[in-house]
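Could you slot chain B onto chain A? The hints should help.
So the sequence lines, in the order shown, correspond to chains A and B. Okay, so the first sequence: first residue is -14 according to our numbering, each after it adds one. Okay, so the second sequence: first residue is 31 according to our numbering, each after it adds one.
Keep in mind that the hints are not guaranteed to be accurate.
What the hints assert, rightly or not - Quick list of in silico lysine-lysine cross-link-like pairs, DSSO-like style, CA-CA up to 30 Å:
hint : chain 1 : residue 1 : chain 2 : residue 2
1    : B       : 103       : A       : 192
2    : A       : 192       : B       : 534
3    : A       : 192       : B       : 185
4    : B       : 476       : B       : 223
Simulated from the structure, these hints should not be mistaken for laboratory data. Bear in mind that the values here come from a model prediction, so they are computed numbers and not experimental data.
In case you want the letters, here they are:
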Amino acid sequence: MLFDRKVTLLKSLMLRLRDSRWFAVMGGILLLGFLFSQLSPVFLQLRNLENIVVQSAVTGVMAIGMTFVIMTAGIDISVGGMLYLTIVIITEMSLKGLGAFMPYLIYLVALALGAFLGLINGLLTNYMRINPLITTLATLSVYRGLALHINQCRHTVAPASLRFLGIGKIIGIPVPFIMAILVMLIGSLILHYTRFGRYGLAIGNSKRSAYDSGLPVRRVLITVYVIAGFCSGLAGLIMLGRVGTVQPNMGIGIEFTVITAVVLGGTLLSGGRASILGSLLGAILLVMIDNGLNLIHASAFIYDIVRGSVLVGAVLIDRATTLRIFKKWFSFSSS
Amino acid sequence: MNNVTEVQKNNISLNDNQQPALIKVTGLTKVFSGTVAVKDVDIEVQSGQVVAVVGENGAGKTTLKNLLCGIFKPDQGKIEFNGKEISHFNAAEYGIAAVHQEFSLFESLSVAENICIVNLPQRNRILDWQKIHNIAQKYLDMIGADLDLDIPIEKLSTGEQQLVEIAKALRQATKLLILDEPTTSLTEPERNKLFNVIRRLRQHGLGIIFISHFIDEVYEIADRAVVLRDGHHVGGGLVKNLPRNKLEELIVGRPFEERRIDIGTIDRKVVLKVEGLTLSPYFCNISFELKRGEILGLSGLMGAGRTELVEAIYGLRPSKGKVWFYKDLVKNRTPSAIRNLGVAFVPEDRRRNGLFYIRSLKENLTAAAVNKLVRRIIPGFGFRGERQKAIEIAKNFRVIHSGIDKAISYLSGGNQQKALLGRWLTIKPYICILDEPTRGVDIGTKEDIHALIGQLARSGTAILLVSSDLPELILLSHRIIILRKGRAVKEFERGNFNPRVIIKHAASAIEEVKSNAV
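Isolated chain A, as found in the complex (with noise of 0.2 Å):
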């Protein structure tokens, strides 16, 4: 009994494992890193690696959230925007004194703004029945647009008491990290072991099944609007702790980068699959793209072709390789 019980669950690891696609991200990182190892030697210094580990914090994080949207079909075009209206408000807050009797007030804030932020997204997609591409874009445009009215595109400088989540280090560990890996162990659990996460998945499969069975569909469609509006708040005081300032392009085009590493992580965009861990790898992918080619000093304009080219690459490879060969490694569980 003990025995059978031991080998279902093996077998579902590896049942789990051969479906999860951050396998293929996790070797990209290797590949790439060998490869940029090579060209710089700066590149495996242990201050580039941090670097690289804090500003994928930003955008995993906020993956992390995106990866939730995603996995109900939906879509969160206005995470940037969320981010950044955060950022301003914040900002905005605690230099008019309100976060210097309690400083960390100023967090909670940030984080029910992004949240609130993400229930308007949510309840507009399901209330109004607007498409969500539809929908998030229009708040992309309201959220920065607030947010630039409030700031007038002034170089506001954050108090030093918000800066520690960007910098800070604890046990010589940066902040950043310690939170993108909080978040992702969270987002995991709530991915894996909840009601909630399961439903989000159904719901992705087949909104209608989903209605014929009962679930509580309008519930999880608008909860992953506002998963993925908090974790832009959260991704904001992050930022704003690395920067230092508020600065008008904050946020600019991060959309592209978040969907990017989702996807990378193997999160279908139809829905129906998502993986947390591979959402954060896919950003560390990005950012260590990103830094690499700042090593070698390439041209700026080449980013994004491989970027882009990456994301293309990854998706191949990871459907006509890994897929076969795991197959073949865990093929007893097929026959």
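Frame of chain A, contents of chain B only:
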């Protein structure tokens, strides 16, 4: 969770007519944008009773199911559950669940997750995977299905998915289980298994509504029957007081007779030759020849590899072995290349693989013929005569529709199937591969389709017919090849068809198969 024991407690004896009805429906009416779907239907189901709802496709059976599950709200009439009138209800709260004809499964989730998806078992808000596995196993055991719990649904065949669907519904159905055409994708032994499950559930005091268009099944399993025709409740009653011909007449609306179909004679010319075709683990070393005008039936249980075999021939799956079309060895088979050779393929799952579901009936009908038959005003731009062509096909294949430009999803299952056949058969294929052409189709439509197949064979088309419906194969085939676990085990010529023998060969014990394999 533990519904069977719960029901056992208030176990109600079978033939007690004094019992109040579990669910009582009176004067139920539903109209969709002017079209009457269901009108004045009365049904009464008691605990421990199987009530069959029979009727042709488009008779309103599925609408009725949706009304009873609370998916649709009735326009008129009332539903009483245990003597209390209910409207606007959540079926699960009352212990009502349905096995839908269109599956409500989630493809990338595992079997276990699918069975338990509604209120997934959790402890302290964390999913209890052990419990999920146990529950799933319990319901699979209950229906006698042997499936791997961790396999995602997309890797299962249609028949296996059906079993999961039933297990899923069983978990919800503590009082009333509605089965919408549950046997259409099952093979004979699976169907018998399902009927045993139904009998067991009946003894436990579950009320069961069994929607079907198979008259045999009504007599096999049901206590009462309700016949629908064009949305109207035309008759019914206790099954034992209802003679068969009367029931058939009620369903079709006219006297019903035994049929024979002229399938013509076989030409000598070989149009398709398959040698050593192998695709593990689905089928292995399959060889046969198909002649002009011949109907070759492929019989076998679910999972025997029939669908995979015809898909491999059509180039939908990669496989090893040789396939000749009209004496030419075709090496790289792709669906478009094979289609250009004059081969038509009508797949098993029409909704997923066959139809353009949100496009109009017109486009669906002319999809195969659009290049050949339609004249263009300016070469390369626009289609002229597409509409006439579509109307003509719809007429020839008796597709009943309320407008050629409406999306095909509005048609009933039988009409969708006829449309799909119409699309392929108008291009006058040399070879036609039909995979379960009458699955989920009512008697009238089935007759139409059988006649069409016969007519097609007489005109010289070679037909490869896959069907789980043995009487259909016997009626239509010149020859039947039986597949078992991916191997061709036996072949019968017309005249030697014996249903019992065929079933025996298709379903022989596993040990025998093993010894054959060695």
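* Asked: Hint by hint, which ones does this structure get wrong, listed from lowest number up?
  -> 2
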